[in-house]
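Asks: Those protein sequence lines, which keep their order, are chains A and B. Note that the working numbering has the first sequence beginning at 1, numbered continuously upward. Note that the working numbering has the second sequence beginning at 285, numbered continuously upward.
Errors might be hidden in some of the hints.
[Unchecked claim] Lysine to any residue pairs mimicking SDA-like chemistry, simulated, CA-CA at most 20 Å apart: (1) Lys732/B to Glu721/B; (2) Lys181/A to Val215/A; (3) Lys275/A to Lys708/B; (4) Lys28/A to Gly687/B; (5) Lys435/B to Ile276/A; (6) Lys686/B to Gly7/A; (7) Lys28/A to Pro684/B; (8) Lys277/A to Glu610/B; (9) Lys686/B to Val215/A; (10) Lys275/A to Glu610/B; (11) Lys716/B to Val672/B; (12) Lys686/B to Lys275/A; (13) Lys275/A to Gly486/B; (14) Lys708/B to Tyr9/A; (15) Lys835/B to Val788/B; (16) Lys275/A to Asp646/B.
Calculated directly from the structure, the hints in this document are not laboratory data.
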Amino acid sequence: MDKIDLGSYAQNTWCPGCGNFAILNAIKYVLAELHSEGLPLENVVLVSGIGCHAKIVDYINLNSFYSLHGRSLPPAEAIKLANPALKVICFAGDGDAYGEGIEHLIFAAKRNIDITMIIHNNRVYGLTTGQYTPTSPLGFRGKSTPAGTQESPINPLDLMLSSGATYLARGTSHGIELLKKIFKEAILHKGFSLVDVLQVCVTYFNMYEYYDKHVYELSGHDAGDYHQASGKIREWDYNQEAPIALGVFYKKELPGFEERFPVGVAQEPLSLDLKIKELIKDFI
Amino acid sequence: MDDLSILIGGKAGFGIDKSGSLIGRLLNQSGYRVYIYRDYPSLIRGGHTFSIIRASRSRIFAHQEKVDLILALNQETLSLHRNRLKEGCFFIFDSEQLKPADEQECGLGLPLGKIIKEEHASEIMRNTCMVGALAKALGLDFDLLAGILKKEFSREADLNLKVARRGFNEARELIKVEPLKQAALPLISGNQAIALGLIKSGLNTYISYPMTPTSPILHFLAEIADSFSLNVIHPESEIAVALMALGFSYMGKKTAVGTSGGGFCLMTEGLSFSGIAELPIVIILGQRPGPSTGLPTYSSQTELHFALNAGQGEFARFIVSPGDAEEAYYWSAMSMNISWKYQIPGIILSDKNMGEGVFNFDLNAAGEIEEEQPVYWDGKNAYKRYMVTENGVSPLSFPPVKGAVIKVNSYEHDENGITTEEIKDTNQMQEKRLRKEIFLAEELENIKTVNVFGDKDSETALLCWGSNKGVCNEIGQRLGLKVVQPIVLNPFPLRQFKDALAGVKKIICVESNATGQLVLLIKGHGFNVDDKILKYDGRPFSTDELEEKVKAYLP
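Whole structure, please, built from the sequences with the hints as guidance.
Replies: Structural data, given as structure tokens:
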């Protein structure tokens, strides 16, 4: 494999030990590998929301669209529709994609648009210094909920499965080899792929020990079987103590939005003028 | 006949709008100039809806309070609008439903139910029968109507023709309309004119979440998408609309979005993003009365200051408010060109009267306009998306380009688009972005951005903007007043506005809002208005109404 440096000159400001490093290193590795296999790097567009996760686009020297909180998907979908040949990879946090931007997430899955969504799911707001998120466990004590949350978390993979996503996987920031494998597969998957990465925030919600104790890698699981996928996805509800499966839960090939969507072709000025004149004649 | 107004009314959902359009075409093809005002409630069925079709020898852009003919499909129409009828004028009505006392003198009754039943036609064809009777009442040739019906009704054309013929035969001539020799002009809505202008300047993608009064743009563009190779997308919300538009813009695709005040509220984060990331976007903001849901199907001019100030932070923007179909076409095209040339958001301030009003459209009079290309990267030095330049405009490049890394960012950023919080970078970027508006203002001084009509020597000026252009122009001419209409509202065309008001001692500002938003805007530029005529009931000024109100301020 070519030694290719995908790093930028931006200074990295993640906390030491932050789970984001694993995601950054894994994605750089996978992109370099895909490049050595023939993917032109200019064909990659990275899109992020806002939050600690989002700095990743500053740290990789490739095309990027550093969007707003919760809004990585609408521009990502537009970029894919504008040029379906591009590889569009979205990064989002759990507060970002499962909270403020959840409507876009559901619609992107529903459209099965060929985008890869990587969720930096640390189950806490980091950049705003420690509040609960949609995947924080019940009773989570954060700065906005000092007495503990009174609401249960959502199971994002369950939601995505029922919304129509066609590739669903989970990894952790303590398992970079699995992340590399899943990221590559997700990027190569045709359709909407989502990887929920249990990424640990060392400052506000350090779950390393908990995850190390509970995670296991799926084996003998048929990812093509919706019901098996659903069962494994529901094994852990992001709340109660349970085994936490890692790996690919679901994988299905279905037509994507971009294939069904007609893409406009530029008009010749003369024919455009004539067409406008023809059209308005009908309005007499 | 120099000026004729016809009102057709009935229950919403019973084809009144379609009939209004048929009547408009009938008069248009008889050589008259036509304007149609459509009034409908926010519901699908029931409630009262009506259209006023006005025809004149010369061009018109407003309705009159008084009408010559009422076509009443139900009792309500007659009760509500009877007082609009000029003396000695007529109404055509359904004689099975209505028994007006004075039907002998001024009524023409049609047994609509009987005709429909005998022809095995559907309820909605009562309209067609009525329009058939109208053709006879106006002394027009049935063949003229037949041609229009054949074109308008691809399904059941024959049945419509039969029903229209029955109405025609049952009626008698009431007001003779002498066909004129002048060539007919297309009759289009302001919304359609906006859409065509955008297409003219290279529209590639239109994204919108349905909302009155701009949904017809979405429908129209979706309908013609194939023949003009457009992407037309209706996504999950206005938030997605704005952000998707910025994604297309990043890819070099000329994109517009359409909404009203409520949807624009949701778009403001995208608007501000467009400001810092310098991603061009054209937003059609169709105004309607608020606050909040307000009067969804009526009109207002209440979002001028919202458009001027929407979005956090300070950034350059272009705002234009066209006053008729030609201006809607020309300035929509111009908005796209300007938005891309300066990489700023462009806002087209329309309203329900502008968007859903139907006007004659003279393409040749709209002004020459061609799609302009933005400044592109020459590929020589390393690509910097936010390169600092004299006029603040950085050359564009769109993925994928070998050797160029194209980064856009909602954070403050350096020239490469990488996040920064450095003092020097921050100042440099803020100044670069604001500089663009100064260069844009200079460029706009060479284009006519302020209209002057009426008696140009008058010391009294009617000041207006947007859809009030037509009615003010008509009253200005009638009363011998000067009429001044700024078309571009940001950057404000200060020099042209000053010139337009030269010699004026008294300014009467006419606006469709309750606070005088243009009054406030020009006050900031040192102009004081003497009198305000404000209307905020959601309805357009009729010519009669405005004339009376203006006269009250004249010596």
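Asks: Look at each hint and say if it fits the structure.
Replies: So, going through the hints one by one against the coordinates:
Annotation: proposed proximity of lysine 732/B to glutamate 721/B holds, straight-line Cα distance about 17 Å (limit 20 Å). Of the pairs offered as hints, the one joining lysine 181/A and valine 215/A holds, with about 17 Å between alpha carbons and a cut-off of 20 Å not exceeded. About 50 Å separates the Cα atoms of lysine 275/A and lysine 708/B, which puts this hinted pair outside 20 Å; it is violated. As the CA atoms of lysine 28/A and glycine 687/B are separated by approximately 18 Å, the hinted pair is consistent with the 20 Å bound.
For the given pair, lysine 435/B sits about 19 Å from isoleucine 276/A by alpha-carbon distance, which is consistent with the 20 Å threshold. Under the criterion of a C-alpha separation no larger than 20 Å, the hint pairing lysine 686/B with glycine 7/A is consistent with the structure, at around 17 Å. For the hint linking lysine 28/A to proline 684/B, the alpha-carbon distance of about 19 Å falls within 20 Å, and the restraint holds. The hinted pair formed by lysine 277/A and glutamate 610/B meets the criterion: a straight-line CA distance of about 14 Å does not exceed 20 Å.
Only pairs whose Cα atoms come within 20 Å are accepted, and lysine 686/B paired with valine 215/A is rejected, the gap being roughly 42 Å. Pair hint lysine 275/A plus glutamate 610/B holds up; C-alpha atoms about 17 Å apart against a cutoff of 20 Å. Our distance criterion of 20 Å between C-alpha atoms is met by lysine 716/B and valine 672/B, whose separation comes to about 7 Å. Annotation: proposed proximity of lysine 686/B to lysine 275/A is violated, straight-line Cα distance about 36 Å (limit 20 Å).
Restraint check: the Cα-Cα separation between lysine 275/A and glycine 486/B comes to about 13 Å, which is no more than 20 Å; the hinted pair holds. Of the supplied pair hints, the one linking lysine 708/B and tyrosine 9/A holds, its CA atoms being roughly 18 Å apart against a limit of 20 Å. Between lysine 835/B and valine 788/B the CA atoms are separated by roughly 17 Å; this keeps the pair inside 20 Å, and the hint holds. Taking the CA atoms of lysine 275/A and aspartate 646/B, the gap is near 16 Å; set against the 20 Å cutoff, the hint holds.
Checked against the numbered hints above, the structure violates hints 3, 9 and 12; every other hint is satisfied.
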